[in-house]
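From just these sequences and the hints, can you work out the full model?
Protein chains in written order, with my numbering: chain Z, 6 to 103; chain D, 29 to 222.
Read the hints as simulated data drawn from the structure, not as lab findings. Beta carbons are placed, not taken as given, at the ideal position from N, Cα and C, and that holds for glycine. There could be a bad hint or two in this list.
Part of the chain D face toward chain Z, derived, beta carbon under 8 Å [to be verified]:
| hint | residue |
| --- | --- |
| 1 | Lys97 |
| 2 | Leu110 |
| 3 | Gln165 |
Simulated restraints on C-beta separations [stated by the list, open to error]:
| hint | chain 1 | residue 1 | chain 2 | residue 2 | range |
| --- | --- | --- | --- | --- | --- |
| 4 | D | Asn123 | Z | Phe72 | 32 to 40 Å |
| 5 | D | Val139 | Z | Ala90 | 21 to 29 Å |
| 6 | D | Arg203 | Z | Asn36 | 29 to 37 Å |
| 7 | Z | Asn54 | D | Gly140 | 39 to 47 Å |
| 8 | D | Asn123 | Z | Asn36 | 39 to 47 Å |
| 9 | Z | Lys47 | D | Ser98 | 42 to 50 Å |
| 10 | D | Tyr208 | Z | Asn25 | 21 to 29 Å |
| 11 | Z | Phe72 | D | Arg144 | 21 to 29 Å |
| 12 | D | Leu135 | Z | Ile66 | 47 to 55 Å |
| 13 | Z | Lys56 | D | Asn222 | 42 to 50 Å |
| 14 | Z | Ile66 | D | Asp207 | 37 to 45 Å |
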Amino acid sequence: MLLIRCPYCEEERPELEFRNAGEAHIARPTNIAAESDDDFEKFFFIRANPKGVIYERWRHIHGCARFFNAVRDTVTDKFVMTYKAGEPKPAKLPGASK
Amino acid sequence: MAKAAAKTKAAAGSASVERRPALAGRTLSASGVKVEMLPPAERISLRAPQASVAALSKALGVTLPVKPKSSATKDGRMALWLGPDEWMIIDEAGNDPLADCAKVTVLHSAVGISHRNVGISVVGPAAAATVNSGCPQDLSLEAFPVGAASRTILGKSEIVLLRSAADAFRVECWRSFSDYVFTLLSEAAGDAAN
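Structure follows, in C-alpha cells:
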C-alpha cells in the first residue's frame, strides 16, 4: 500500500484514506462568460496527462478531508512531494538533478 | 371533535418519538478482546477558524486540540481533532455541547450529530489487532498513542477512531453503517485472538 504524506495531518497515511482530484494548478477564468468556446474547452476538458512528473490535487477524504497538491511520477507511481492547497508550484523538486 | 382527534393523534405521535439507538446493547466477547455498543451520547460536529478556538474551548469546558491526530478529554466530554478547523465533540455526561456553543458569539458552526453516530468500544489486549483488520493506519503505541484520534476507514466504512487507553479504542461510525462495522469487528475479534 502506498503511503501518502498529508500536509495538514503532517504525517504519512495509507492511500485508502485518499482520493485523487485531477490535475492541479488549473486557474478558473476570472470572467468565464467572456471566454471563447476554444478557451473554455482548453480550461474545462484538456489536461496535460504527461508521462513522468505530474502535479495533482488529492483529497484526504477519509482523514482531515482537506484538498492538497501532490507531485507524482506517473511511471513509477512514486509521490515526490506534497504541499498545501493554495501554495505555489514548487520551483525545485526534492531529489531533482538540477 | 376534530380538534380532539388531532390532539390524541399528536399525543400518540409524540409517544412513539423515542430514541432507539442502533444495535443497542449488542456485545461480543472473544478471547483477548471485547466489542460492545456504547450507550447513547451527545455529539456535535464543530467547525471554527483559529481565532474562535479559545472562546469555544472556554464555553465547552474542554480545550480544543490543535495538533493533528489528537484529542482532549475533560469531565466526560471529548474533543477530537478531525481537521485543521474541524472537531467532533462527544459528551457522555449527559450535558448538551450544542447549548454551550449556542452562547458563543464568535464565528463557528456547530451541528448536532448525536443520532447520526453510534459508538463501539473495542477493549482488550487484541484490540489494536481487531481494529487493524479493517483499518490501514499504524496503530502501534508509538504511532497512535493513548489519546490519539483520527477520522479513517474501517473496511468500506468511514469511522472516527479514538484510543482511550493502551488496549481500548472507541470506534464512532454512522448509525446506518453500524451493523457492517460491528459485524466486521466481531469477525475480526475472533481472528485477532488467534
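Outcome of the hint check:
| no. | hint | result |
| --- | --- | --- |
| 1 | Lys97 | holds, 6 Å |
| 2 | Leu110 | holds, 7 Å |
| 3 | Gln165 | holds, 6 Å |
| 4 | Asn123/D <-> Phe72/Z: 32 to 40 Å | holds, 35 Å |
| 5 | Val139/D <-> Ala90/Z: 21 to 29 Å | holds, 24 Å |
| 6 | Arg203/D <-> Asn36/Z: 29 to 37 Å | violated, 46 Å |
| 7 | Asn54/Z <-> Gly140/D: 39 to 47 Å | holds, 45 Å |
| 8 | Asn123/D <-> Asn36/Z: 39 to 47 Å | violated, 51 Å |
| 9 | Lys47/Z <-> Ser98/D: 42 to 50 Å | holds, 44 Å |
| 10 | Tyr208/D <-> Asn25/Z: 21 to 29 Å | holds, 25 Å |
| 11 | Phe72/Z <-> Arg144/D: 21 to 29 Å | holds, 24 Å |
| 12 | Leu135/D <-> Ile66/Z: 47 to 55 Å | violated, 25 Å |
| 13 | Lys56/Z <-> Asn222/D: 42 to 50 Å | holds, 46 Å |
| 14 | Ile66/Z <-> Asp207/D: 37 to 45 Å | violated, 23 Å |
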